[in-house]
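Colleague: First to last, the protein sequences are chains W and V.
Just so you know, the first sequence maps onto residues 1 to 254 in our numbering.
Just so you know, the second sequence maps onto residues 1001 to 1264 in our numbering.
Bear in mind the hints are in silico, worked out from the structure with no lab data behind them.
Be a bit skeptical, because a hint or two may be false.
Among the chain W residues that face chain V by a calculated CB cut under 7 Å, a handful are [to be verified]:
id, residue
1, E142
2, V148
3, R150
4, T151
5, Y154
6, P166
Quick reminder that beta carbons are idealized off the backbone N, C-alpha and C, glycines included.
In case you want the letters, here they are:
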Amino acid sequence: MWFKKCVSIALFLLLWEGIARLELVPNEYFPPVTQILLAGWEMLRSGELLLAEAQTLLRALAGGALSVVLGLVMALLGARYELLARMWSPLVEIVRSIPPAAIVPLAIFALGLTPTLFIGVVVFAGFTTVYLPALNALVNTEPVQIYVARTLGYSRLETLFLVRLPAAWPEIFTGIRVTAGVALIAAVASEMLAGKDGLGFLLFDTAFSLRISEMFAAMLMAALNGILLNQLVVWLRNPFAGWQDRLAQLGDAR
Amino acid sequence: MNDVLLSVENIAKSLGSPPQTIPIIGSVSFAAHSGDFISIVGPSGCGKTTLLMCLAGLLKVDAGVVRFDGKPVDEPPEGLSVVFQDYSRSLLPWKSNFDNVLFGMKRINDMDQAAKRAWAAELMVSVGLKGFESHYPWQVSGGMQQRVAIARGLAARSRLLLLDEPLAAVDAQTRAEMQDLLLELARKYNQTCVLVTHDVDEAVYMANRIVVLSKRPTTVVVDIPVELPKPRDQLKTREDPTYLSLRHEVITLIRSMRAAPASA
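Next up, chain V with everything else stripped away, as it sits in the complex (with noise of 0.2 Å):
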């Protein structure tokens, strides 16, 4: 359970043509082992997302290299699946949310047509949605529209999570409820996942590793990790004088950054 999945090598990426190009990520090294939750903070507009991007293989980098189970990623490897902030959109309207999960099954060749359609249902049992089968995404509430997104990531058979702010957009009581449902996904579908995000509460939570990014040219400041018991609990967690100490020491950098002179 100690080889490394993820390991990114001095990535640097600039965005905008030629003339007036914008270094986005000056260098970022990090690497995320099998089983590993990570949860990447930063000020706003560190570069998260760009960051992202490159790990997907959405966006080509322009120096060091991204290796997913030890192959460089220069196309959206097979074994991640992204889960992004904008459940709205990122699902399909015109689809079902039980055929939106059948969408993530384009890679899966060993299975006949009944045994994606168990596996879907199986999917939409795990992550709560039993009985919204045959609805479709814009008929149920934010929550849920993010429930069927992360069935679809993990109907690829994923074995690295991608995790794009995916619960910014819900409310405080059901991201409470989406951060326990996504650990437990995470542990019955071995996912090692990569979670980015604003909410530093959350990613001290979620994670056993947090890598802590500086402001535009991105670098990594710490990379520190989480000596939290599992399974996490959202009175006792949050409770820990470990976790009130790893949070204020976030929270302490990340205002640090702020406070320099900004360019943004």
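In isolation and in its complexed conformation, chain W is listed as follows (with noise of 0.2 Å):
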């Protein structure tokens, strides 16, 4: 599988030094890898790439994280009092609606240029892809576990904390997967709008001065930032949603 992965990449790779090296198309827009690679081990010794790097990371992290938390808490009150979900649902159809980068000008005002700007507009940009399906999972228990909890004496605020939760765990997982990549891109935007460090900046920076092969390079690093971040969400379903993988395992070999 690994094997098969390499190759196609590889191929890939190999295609496009070649078309950049028959000069194919612009060589100033589409240098040849080789050249990218040289560029971003450059900026890798500068250390230009990595404070980069470290900083898009970190912010889209602390906002992802933040954004888990909000949309969690958010479903876990709407699933226990009806009356608040049907009282902000309509505001949280608006904030979804909006795109991540048209905040950035308010947060500019609101927030000013500081790291709170980043993750406010990370959070902004990532709370719902949590929140809306973690609210429909837990509303949607199956009833024969309600039924089981309440004859066995359990309350309805440990039902949810105890069945419903529990049960969620595999479609909220799916919601921070989603919301993974939005907290990425809202930070490499706001980074683009407002910022003067990260990889968004750089992006702009270098594509701005006409520094092609260091874009791209950056552009590989953002890569690996979703490639990254992916992984943490992956390791981190496992102790509470690694029984659905197994379950779902089984049923495939039956």
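Hey, can you piece these two chains together into the complex? The hints should help.
Modeller: Structure (structure tokens):
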């Protein structure tokens, strides 16, 4: 499996290198892979790339974590008190419809050019993709499981945390995975619009000073962030929702 | 052993919201004495599940009263456990079989964790699942899952077991085994049982009384004592003339209700 993946990537890079070397595309926009790697290596050595990478990753992580907490708390409250969920659902719908970048100008005024700005934009963009699936899963628990908990003497609050929440983890983690992606987009976009550092800023800065190889290197780094965050979610998911995968595998085997 | 544990007094229940309420239970009365094994049968769609939900305190009755141990039931009372038909949904798939049984001990306050684990281990042996404690419900067969659910019900130190077609979804051979297991467990742990079932043979085989229900809105058609010797035996009991005549009587009754002009 791994071998096949490596082969396809290697073939793609080789094709790129060939096309760029033969100048089938304008060289100033599509430098050969080797040149990009060289530029990336230089940026790594100077520390420029790693610093930007760390800044963006931290912003996405902090904002993503806050999104998860906010989304989950809202979903738990909404599941326990239906009135609350109905009250704020129009607001959530509006927030969900605003593109993350559109909130940046307001955030600059409201939060200032501080780290809070980036984290604020990430949370704004990211909490709905946790909240909505979480609420949906929490209110759609298997009725029989609720009956069982009630007849055994569990209170509504205990049922929420001991039955409905564990049953909802698989769906919640699907939402968290989406939020991880959104968090990276929002972090990079807000750095482009309002940053003086981070990968988003580096991408703009290198592109507009026509350091195209360096821009590609920053892009690769951004891709690495996506992979890292995704792996983190997969790793966190296992203790909460791993049972669902093992159950599904068994179903496939039968 | 002859005090009334569960008494159902003229209960009625409709479902649905006001403009279109559907009367499900017309008027149902019966009583279960300690040690009884009562089978409830009736034509399809006769509101058996609704009745069971009312008995368990999961649905409020519109009229009449359900008393458990003398006290009116409006919330699920302590000492009453339900075993549902759909074992694959009633068990918690993120917990092992053993932890599912432990989950049943919520109301048990006079045991520490070690005592609870010992009690759960004993129950696992009693239902024949020794060696499957750390398996997950979805890793064992349907019959075994239902055994876990029964153990979980007993774990609450129930005195009354409400059984909602618990064996409807298992194969015939497993069903016979499980019937004998249920009878043995009921005796061993002093359980009074109310079994809702579609299967008249099962109803007669298990019970010392059969309550036959009508179509909706449900009433009690007849309440018949089952005079069969105990312990029951899959071969001898089922060949007993009393068994055969009771079976004949109940099936004839249900068939006559089905033949009548049906709304369902």
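Colleague: Taking the hints in turn, state whether each one holds.
Modeller: A quick look at each hint next to the structure:
no., hint, verdict
1, E142, "holds (5 Å)"
2, V148, "holds (5 Å)"
3, R150, "holds (5 Å)"
4, T151, "holds (4 Å)"
5, Y154, "holds (6 Å)"
6, P166, "holds (5 Å)"
Every hint from the earlier list agrees with this structure, and none is contradicted.
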